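Visitor: Sequence:
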Amino acid sequence: MLNQTVLFMSLILQIAIVLTNLKMHLLTSKICRVRSICLK
1 MLNQTVLFMS LILQIAIVLT NLKMHLLTSK ICRVRSICLK
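Residue 12 in the UniProt record's numbering sits at position 12 of the sequence shown, and the numbers go up by one each step.
Do not rely on the hints blindly, as some may be mistaken.
[Stated by the list, open to error] If you anchor each label on the Cβ, the simulated ranges turn out as follows:
hint, residue 1, residue 2, range
1, V6, S36, 42 to 52 Å
2, S10, R35, 30 to 40 Å
3, C32, L11, 28 to 38 Å
4, F8, C32, 43 to 53 Å
5, C38, N3, 29 to 39 Å
6, L2, I37, 30 to 40 Å
7, Q4, M24, 25 to 35 Å
8, I37, I15, 40 to 50 Å
9, S29, M9, 45 to 55 Å
The hints are simulated quantities; they were obtained by calculation from the structure and are not laboratory data. Please read all numbers here as calculations on a predicted model, not as lab measurements. We put the beta carbon where it would ideally sit given N, CA and C, even for glycine.
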């Protein structure tokens with residue numbers, strides 16, 4: 001039972017990390033796009 005809980009927690013943690021990375025990636029790409037527009 002404890003093992004299942006640990007697996008579940010690690011799964012949630014992995015999903016949270018992936019979502020955070022995705023959010024950061026979208027944010028940086030948006031900033032890069034704005035910067036390139038400003039440079040032009």
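Visitor: Compare the structure with each hint and give your call.
Guide: Status of each hint after checking the structure:
At roughly 45 Å, the beta-carbon separation of V6 and S36 lies within the given 42 to 52 Å, and the hint holds. For the pair S10 and R35, the beta carbons lie near 37 Å from each other, so the given range of 30 to 40 Å is met. Between C32 and L11 the Cβ separation comes to about 32 Å, which falls inside the hinted range of 28 to 38 Å. Checked against the hint of 43 to 53 Å, the pair F8 and C32 fails, with Cβ atoms roughly 36 Å apart.
A hinted range of 29 to 39 Å for the beta carbons of C38 and N3 is inconsistent with their spacing of about 52 Å. Look at L2 against I37: about 53 Å separates their beta carbons, and that is not inside 30 to 40 Å. One distance hint, 25 to 35 Å for the beta-carbon pair Q4 and M24, holds here, with the actual separation near 31 Å. In this structure the hint that I37 and I15 lie 40 to 50 Å apart at CB is violated, the actual value being about 33 Å.
Here the CB-CB span from S29 to M9 is close to 31 Å, at odds with the stated 45 to 55 Å.
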